[in-house]
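Novice: For this one, chain A is given, so just place chain B on it according to the hints.
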Amino acid sequence: MNRGWLPLVLLAMLVVLATSLFLYRPSPEPQTPSLSVERALGGEAEAQEGYARATEHRAFRFPEDHGPHPDYRNEWWYITGNLDAPQRRPFGFQLTLFRIALASELQMAEPTPSAWRSRQVYMGHLALTDVEDERFFSEERFARGAAGLAGAQTSPLRVWLEEWRIEAPGPSTFPLHLQAGGDGFRIDLQLERGKPVVLQGDRGLSQKSAEPGNASYYYSLTRMPAAGEITIGEERWPVRGQAWLDREWSTSALGPDQVGWDWFALQFADGRELMFYRLRLRDGATDPLSAGTLVGPEGDVTRLTADEVSIAELAHWESPRSGIRYPSRWHLRIPKADLSLEVRPRIPDQELDHTVTYWEGAVQVDGTAAGRSIAGRGYVELTGYDSAPGKKGKKGVGVIFGHE
Amino acid sequence: MIPLLWRSSLRYHSTRPWQLLLAILGITLGVAVVTAVDLANESARRAFALSVEATAGKATHQIGAGETTLPESLYLELRLGGLRPSAPVVEGYLSVSGRSFRLLGIDPFAEAPFRNYLEIAGGGRSDLAALLTRPGAVLMAAETAEALQLERGAHFSARVGGRVRLLELAGFLPATDLVERRAQEGLLVADIATTQELLGLQGRLSRIDLILPDADPRSLAQIEAGLPPGVRVERAAARVEVMEQMTRAFSINLTALSLLALVVGMFLIYNTMTFSVIQRRPLIGTLRALGTSQAEIFRLVGTEALMLGVIGTALGLLLGMGLAGVLVRLVTRTINDLYFVLDVTGVFLTPLSLLKGVALGLAATLIAALKPALDATRTPPRQVMSRSFLETHYRQGALHSGAVGLLLLLFGALLLALPGDSLMVGFAALAAFIFGFAFAVPQITLVLMGALQQLVGQRAGFLLRLAVRGLSASVSRTGIAIAALSVAIAATIGMGIMIDSFRQTVAQWLEHYLQADIYISALDDPAVTPLPEHLVSTVRQAPGVHHVSTYWQVEVDSDVGPIELAVLQLAPESDRGYHFKSGERQRAVRQFHEGALLVSEPFAFHHRVEVGDHIELLTPKGSRSFPVAGIFYHYGTSRGTVQMARAVYLRHWREAEVSSLGVYVEPESDVEQVVNGLRRALEQEALEIRSNRGLREASLQIFDRTFAITAVLRLLAMLIAFVGVISALMALQLERSREFGILRATGMTPAELWRMVTAQTGLMGLTAGLLAIPLGLVLALVLILVINRRAFGWSLLVEIPPGVVFEGVLLAIVAALLAGLVPARRMAATPPAEALREE
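Chains A and B supply the protein sequences, listed in that same order.
The numbers in this note's numbering rise by one with no breaks, and the one at position 211 of the first sequence is 211.
The numbers in this note's numbering rise by one with no breaks, and the one at position 4 of the second sequence is 4.
In isolation and in its complexed conformation, chain A is listed as follows (with noise of 0.2 Å):
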């Protein structure tokens, strides 16, 4: 027995050498040291660098400038209406492209062989209102603008991101084809040309922040006539109706103190339209260069700068997916038109989930306008709500637009 720990010992050392096999793990390779290069275009301020940028006037011309301005980094095609089909049924559309540049033409490499190497994507939002079914549909679409899949050309108009399209039938820019379908809906319109082009801000220069080149060149188109069809699931509406189509291109807007904005698209019955946007600032102030114009049946415009538009949030309402709580109605006031106006969503929830969480709505408006009544429709978007302290919302259009 006394040699017994002999075998002892040389069970104890299979035991280890197993367990130290099952243990071992090589060590990596050696390496060779990485190139590592300070990162060319690391801060925000380069980041804009070789983009143009809207400092000045211009002299606008149509239909050129409804293409593509691809010097400058972001830029959108903002399309959106009231319609009714028969027996007065309402519905709301939106159909947005966004030009986003990821980096600009002197920031990209010597161009490359691949077909899809392409520095601007392209982002699309599609939605849907059923008012009287309480129903709202939306759709985020991306693709790059290369290779096809998505882009912008002048003439004659395209815009497209897949078999998402806003078409001019040749060179005159009208009837203007728009054609989207989502998931489970689609729509098919014909917009014809309405009033005429509206300069927003000055001349079109619409500065945002205090800063020299945050301003975008901004248009809009505030009343085309639209007639297609709708569709939902196996249903399908002849509709009929106004849309609205707002155009801007910028490399940067918004300053450092601010979060978003409120956006007022009415078109009243009288032949008017309003245009209000309120740029909010981080601790809910209104910023003072928040703007607007109300344009009059001939197309006459009228400019409106912060202190003469008041405007009063009298509900709110939290979104059930984000979480988010939105302003869901509003009293707005222009002693200068002598207009009081209260606006209404539709339907409360028009909210669109997706890389970015905003609320964009049609909405319905009721008022006095030099002591007579006046009513009209409107889209109103909200953005820049879910940056609030305690929000489980996602990135707002910063992160997107690059001013996070």
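Derived by calculation from the structure, the hints in this document are not laboratory data.
On a predicted model such as this, the values are computed, not experimentally measured, just so you know.
Ideal Cβ placement from N, Cα and C applies to all residues, glycine included.
A portion of the hints provided could be inaccurate.
Label-pair distances were calculated between CB atoms; the ranges are [said to hold, decoys possible]:
| # | chain 1 | residue 1 | chain 2 | residue 2 | range |
| --- | --- | --- | --- | --- | --- |
| 1 | A | Arg236 | B | Arg624 | 44 to 52 Å |
| 2 | B | Glu146 | A | Glu163 | 54 to 62 Å |
| 3 | B | Leu227 | A | Glu167 | 22 to 30 Å |
| 4 | B | Leu523 | A | Glu56 | 52 to 60 Å |
| 5 | A | Arg236 | B | Arg248 | 52 to 60 Å |
| 6 | A | Glu234 | B | Arg624 | 39 to 47 Å |
| 7 | B | Glu244 | A | Gly170 | 57 to 65 Å |
Coverage of chain A stretches by chain B, computed from C-beta distances (three or more under 8 Å per stretch; other residues unrestricted) [claimed, not checked]:
| # | stretch |
| --- | --- |
| 8 | 115-128 |
| 9 | 145-155 |
| 10 | 190-203 |
Specialist: Showing chain B alone in chain A's frame:
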């Protein structure tokens, strides 16, 4: 009564710890090898499935062409036509710091339904912008970046298609769980534009991923109807199935070889248990006389065996898991060399593999212990039973078992004579030979020892005579030990001969197959990396160059599944390289130039193709039928290869790259000079320029790498054999302490005793080693002529290297001598009186 029974067992074994340890070691090693091989096989399979999963994501179907790529216009057409979810994919390989990576090129905007590599939450816009706009921007797993010591934004070089390209780490892949991280270790993700540019695949896609609802054959048919000829929709899982099919023979072979190790382990258990039963016969007789039932005795021996099995199996699993780490790298090597690119970074501890190890370990132990346990129950309830009677009885047993062995051997031969080429039948024959031989060994030993006694006669010293007599007198134990040893050694001899024959065959084949004087290819993935376009004409015009042959390889779909098609432009001298197994050379080569195919031997074997048959290949213009003009010997791949003349390929596919060149030097030029000239002229390119001899040597190096796994298994079998020899013989000698005590008491000096023991163990080792030679040869022949042919379709020359045989015998003798060392020394040091005392 019962506790006494167990105590007696405990007491018996505690006095013979060596015996126990070695039996446990036998089963431990056997289980370890089986488990390790199974884990390695399984890990390779899982790694492949994971990498397919990682790159296929949630795709259920994939649109692909038989050819490696499809035009990107097809995707745009389908996408803009509303086919979604759909995502374009460009895939390829590159290496960073010597590690190979799969490069997955995707369109981030089409990705969301498929893969989650681009969650914007991870890094935000800057990642995406860099990924899309910077050439060379890639994403990798954070762990990989850490291992490569790269930080976000770092620039690093990679070898792609034989060129060095600068990449930028634009960000990290998000990973959620361990399995996902494992899959991402060998993965780089880049924008589709970057990937096309890196791989030189502008305008092309590897495939289009789709998600189609399960029960909707209509949409599938609809999509298929709209595809151009040559393009088809496949289930995403099909790639894993193809992989399993391709490597099946390889993994079966490994499993079979590992089972051989377990069989050797079984013999060790059998040896130990039989030994312990024989030694305890008096004790068991007493127990029976005291009323212990047969069932109780059976249970006692069975439980003892089970305990050994449990401990051995548990240790074996642990050792096997460790060993698997080594084996999995070797298995991956082989798969990379023989089949396809695969990156396996670790062992997947699949419960099934471990369970298999447990089941095999315990089953092997119990089977091995069955006969000793039954023998024990047959001990009559008498106190003492004479040893001499026992041995006489056993001699009869040896005769019987010899007869059984002969029958088994005949049965094995019969199995081989059966028509058909089932691999399983081949392995069954192999097993029959092993067991048949093992059964026959005790009888053979008796005959041999008898002959030796006659031979030694009176001339030899009494020590040698004593040693020889002792061996045949205790055949009950020596016979089994020698059987176990010779099986173990035969396994190492058989595997050794097989590997050598294979290597010799390949060496000879390379010598005549490689006809060109100089070979040029890309440094990485030489078979599939396209060479720069201008290279062919540059080389052609280089001084001293007589002719140039070109090679290109593509995957093409055919009526027999995806095949590897080699596209060759032969030089006039190339013909000589072909040795046809079937088909006449001149005619075959002429028909080859006219549009026929040449297929390699394994291909013909796997697909049962004969000269004159037709193979349908999927060309961009649809299915086309090609005749087979010849079947040639080729050991490059186990899948087999199909060769087509470049001119013929171009007629059907329109474009082809070149991945390697064979250069034939002008008769009066010096090869070295031409090589140097080419090296100078092509300095800028990342090329491998090798002389014929250099390529041959490199190929043999690859061969050795490929067969490293087999060589390791052979070494493991040798290790087990070594342990076996030591355990069996040492036990045998230790058991004889009483006998040695008598010898010492009657005047034998320690030195004489030492010599006798050494002579005896040495003789046993020699017997086992010599007996292992015929079995080893038979195993080698079955492995070469039956198993290899049936598994891979290779014709191999039989080459018996004397070294391998000698090694086997030497192993047996050295181990035997070592085994004699401990008991002899111990006995020599023990006073005779001590040894004579009853235990």
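Novice: Determine for every hint whether it applies to the structure shown.
Specialist: Tested hints:
For the pair Arg236/A and Arg624/B, the supplied restraint of 44 to 52 Å holds, since their beta-carbon distance comes to about 48 Å. Separation of Glu146/B from Glu163/A is about 43 Å and departs from the stated range, judged on CB atoms against 54 to 62 Å. Checked against the hint of 22 to 30 Å, the C-beta distance between Leu227/B and Glu167/A comes to roughly 28 Å, which is consistent with it. The hint said 52 to 60 Å for the Cβ distance between Leu523/B and Glu56/A, and at roughly 56 Å that hint holds.
Range check, Arg236/A to Arg248/B: Cβ separation about 56 Å, and the 52 to 60 Å hint holds. Between Glu234/A and Arg624/B the CB atoms are about 45 Å apart, so this pair conforms to the stated range of 39 to 47 Å. At about 58 Å, the beta-carbon gap between Glu244/B and Gly170/A stays in the expected band of 57 to 65 Å. Remark: the stretch 115-128 of chain A is confirmed as covered by chain B, as 6 of its residues place a Cβ nearer than 8 Å to a Cβ of that chain, reaching the required three.
With 4 residues having a beta carbon nearer than 8 Å to a beta carbon of chain B, the stretch 145-155 of chain A meets the requirement of three or more and the stated coverage holds. Only when three residues or more bring their CB closer than 8 Å to a CB of chain B does the claim for the stretch 190-203 of chain A stand; here the count is 0, and the claim is violated.
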